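Novice: Chain by chain, the residues run as shown.
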Amino acid sequence: SQQGEEDPQALSIQEGENATMNCSYKTSINNLQWYRQNSGRGLVHLILIRSNEREKHSGRLRVTLDTSKKSSSLLITASRAADTASYFCATAPQETSGSRLTFGEGTQLTVNP
Amino acid sequence: DGGITQSPKYLFRKEGQNVTLSCEQNLNHDAMYWYRQDPGQGLRLIYYSQIVNDFQKGDIAEGYSVSREKKESFPLTVTSAQKNPTAFYLCASSIPLGTGVIEAFFGQGTRLTVV
Numbered sequence: 112s113q114q115g116e117e118d119p120q121a122l123s124i125q126e127g128e129n130a131t132m133n134c135s136y137k138t139s140i141n142n143l144q145w146y147r148q149n150s151g152r153g154l155v156h157l158i159l160i161r162s163n164e165r166e167k168h169s170g171r172l173r174v175t176l177d178t179s180k181k182s183s184s185l186l187i188t189a190s191r192a193a194d195t196a197s198y199f200c201a202t203a204p205q206e207t208s209g210s211r212l213t214f215g216e217g218t219q220l221t222v223n224p
Numbered sequence: 073d074g075g076i077t078q079s080p081k082y083l084f085r086k087e088g089q090n091v092t093l094s095c096e097q098n099l100n101h102d103a104m105y106w107y108r109q110d111p112g113q114g115l116r117l118i119y120y121s122q123i124v125n126d127f128q129k130g131d132i133a134e135g136y137s138v139s140r141e142k143k144e145s146f147p148l149t150v151t152s153a154q155k156n157p158t159a160f161y162l163c164a165s166s167i168p169l170g171t172g173v174i175e176a177f178f179g180q181g182t183r184l185t186v187v
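Respectively, the protein sequence lines represent chains A and B.
If you count by my numbering, then the first sequence holds residues 112 to 224, one letter each, in order.
If you count by my numbering, then the second sequence holds residues 73 to 187, one letter each, in order.
Bound-form chain B, shown alone (with noise of 0.2 angstroms):
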């Protein structure tokens, strides 16, 4: 099965402590990213990486972290820093479908709540 897997499906937070969330796809897919989604909202981008060992913060970056070592996975790091973390977490990975196109897929997200 092809797909991109997002774990744990729920995760419970302390205040202060940071917290990594998994995403991992068999997909071959290049480009991978983070999106948050909070209730009734739509999603907003926090970091993304188009090739391994890169990546850049999408427009709500501060308190989040991220790496790429590998191709298949691209964890996020929710920091202490973050200061309203609880909210929807999708991760996504894409393929090109011509110049300047590209279509993503999504996994099915981790709901994080800070208790």
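Just chain A, same shape as in the assembly (with noise of 0.2 angstroms):
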């Protein structure tokens, strides 16, 4: 099964609202990272935290980690239309040390104008 899982899978709302996506995942990590592609594209970086971290913000996203919980969270603040992208947390496992990531299913986010 897959590290990290994504919920929900997909999310439609209207611009402007708030859009907040979740991972799970399962083995200790260094560093959880959220991307972002486009529909038939490649993934973009969009923010990383590390596991002696809580919370970082960047622009209009805001990501949590709770290692505890073994969970973070992306919020997208203010959303646009052009937003509409799938969402993927990638994790690092402790034992790989950080030489590959290993991705969620993703979330799909729909920002309707």
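It cannot be assumed that every hint is accurate.
Said to hold, decoys possible - As a list, the in silico DSBU-like pairs of lysine-lysine whose alpha-carbon atoms are at most 30 angstroms apart: (1) K167(A) <-> K137(A); (2) K180(A) <-> K167(A); (3) K181(A) <-> K155(B); (4) K137(A) <-> K81(B); (5) K155(B) <-> K129(B); (6) K180(A) <-> K137(A).
Stated by the list, open to error - The following label-pair restraints were derived from C-beta to C-beta distances: (7) D110(B) <-> L186(A): 46 to 56 angstroms; (8) S152(B) <-> L186(A): 38 to 48 angstroms; (9) A189(A) <-> A153(B): 47 to 57 angstroms; (10) D126(B) <-> A121(A): 36 to 46 angstroms; (11) S179(A) <-> I123(B): 18 to 28 angstroms; (12) S139(A) <-> K86(B): 38 to 48 angstroms; (13) V187(B) <-> E164(A): 46 to 56 angstroms; (14) G127(A) <-> K142(B): 40 to 50 angstroms.
It is worth saying that the hints were derived from the structure and are not from the lab.
Everything numeric in this text was worked out from a predicted model, so none of it was measured.
By construction, the Cβ of each residue, glycine as well, lies at the ideal position given by its N, Cα and C atoms.
Since each chain comes alone in its own frame, lean on the hints to assemble the complex.
Specialist: Have a look at this one:
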């Protein structure tokens, strides 16, 4: 099974609303990252949070990490139609020494104008 | 323009044929990766290479082969042994951001269809 599992699988909101996506993982991690994928394109790195951090901000993005619950959330505030994409969490399991990333199955976000 | 270039964007293959997907990067990254993505799903790691002339199997390496003769290039061959090769293939490279931390940069993908 996937190391990271996103929830919900799909989310549809109106422009201006906030979007929250969650990610759960199974093993101890060194860090957790969020990536975005526009339809039929490659992934783009959004934000990284290390295992000793609890919250991080970048523009309209806010990421939290709870290592005791093995979960993370990505909040996009004041969403725009251009935010429509798939969002993936990626983890770097400690046993791999950060040499590889394991991706979840993603949340498909649709922001309606 | 620095980045990762995958070619071709679309590829059609007849059953039983081998096909090679190209991945080139000019970011001077040591590590490179191949992922497979099926519709509506996440990425699964096929192979990765942390340095020239060395590579390791990922989670779904059966039916695939790679080479890493140059730092800039990491081609993936989909062999006839891969029973269900139709998928979207993504190549990535990474930079270290600290001990045990990497950031991945992706190409635009190659969509392979078996006809």
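Novice: Give me the numbers of the hints this structure contradicts, sorted from smallest to largest.
Specialist: 3, 4, 7, 11
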